Amino acid sequence: TQLLEQSPQFLSIQEGENLTVYCNSSSVFSSLQWYRQEPGEGPVLLVTVVTGGEVKKLKRLTFQFGDARKDSSLHITAAQPGDTGLYLCAGALIQGAQKLVFGQGTRLTINP
Amino acid sequence: EPEVTQTPSHQVTQMGQEVILRCVPISNHLYFYWYRQILGQKVEFLVSFYNNEISEKSEIFDDQFSVERPDGSNFTLKIRSTKLEDSAMYFCASSALGTWGTQYFGPGTRLTVL
Chain A
485 TQLLEQSPQF LSIQEGENLT VYCNSSSVFS SLQWYRQEPG EGPVLLVTVV TGGEVKKLKR
545 LTFQFGDARK DSSLHITAAQ PGDTGLYLCA GALIQGAQKL VFGQGTRLTI NP
Chain B
500 EPEVTQTPSH QVTQMGQEVI LRCVPISNHL YFYWYRQILG QKVEFLVSFY NNEISEKSEI
560 FDDQFSVERP DGSNFTLKIR STKLEDSAMY FCASSALGTW GTQYFGPGTR LTVL
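Residue numbers (the working numbering), protein chains in the order written: chain A, 485 to 596; chain B, 500 to 613.
Since the hints were derived computationally from the structure, they do not count as laboratory data. Keep in mind it's a predicted model, so treat the numbers as computed, not measured. There's no promise every hint is true.
On the chain B side, residues computed to face chain A include the following (Cβ under 10 Å) [what the hints assert, rightly or not]:
#	residue
1	V523
2	N527
3	Y534
4	V542
5	S547
6	F548
7	E555
8	S557
9	G607
10	V612
All C-beta atoms in this analysis are idealised placements derived from N, C-alpha and C, irrespective of residue type, glycine included.
Please work from the sequences and hints to get the whole structure.
Structure representation (structure tokens):
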């Protein structure tokens with residue numbers, strides 16, 4: 485079964501704290517995407533990682549692709565209330581594969 | 500910044516009726532997709548489309564579903580005879596040549612089947 489597991493499913497922390505969200509699979513991905521989704525809206529692309537071990541930074545967000553291209557993490561430094569939302573990881577299983585397989589999402593709440 | 504657009508934002512229909520959901524992908528993109536998300540569940544792939552034909556489809560995409568690119572800008576999803584379980588958010592997405600994974604999503608159409 486093609487499965488992406490995200491953990492934790494829910495995370496509630498105080499403003500200023502750091503956090504890490506994980507996305508794991510037993511399958512190898514040719515690329516992995518992180519999206520953020522607001523209620524009633526479409527997923528908004530944050531980043532694509534392609535190379536094993538790749539690290540990308542987007543302001544206070546750091547994304548890492550595992551060396552074996554089976555897992556990824558999203559680390560947020562000094563979380564702010566504006567970071568509150570649903571974070572989704574989605575992987576493309578093989579090069580040229582047309583479909584993305586989505587994780588179930590991590591619902592993040594940052595309390596002021 | 501270029502974006503994927505979808506219309507309508509909300510569609511209410513009676514069971515058994517046909518619906519057409521419309522999308523305008525990003526203009527220089529060549530790959531187009533439909534996904535759906537039932538309330539509280541994961542985003543699920545339905546179909547991908549390239550070079551005027553379906554390139555991949557999921558088990559969900561049965562004979563009741565069809566896609567079309569009627570002109571150079573629009574991409575449509577038709578459900579011939581809607582069922583209650585078709586109620587969901589439907590997202591269109593597009594990607595550029597060589598970056599299949601980097602898919603940009605539209606805002607979605609909420610389909611409610613009564």
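| task | Output the numbers, in ascending order, of every earlier hint that fails for this structure. | result | The structure breaks hints 1, 2 and 10; every other hint is satisfied.
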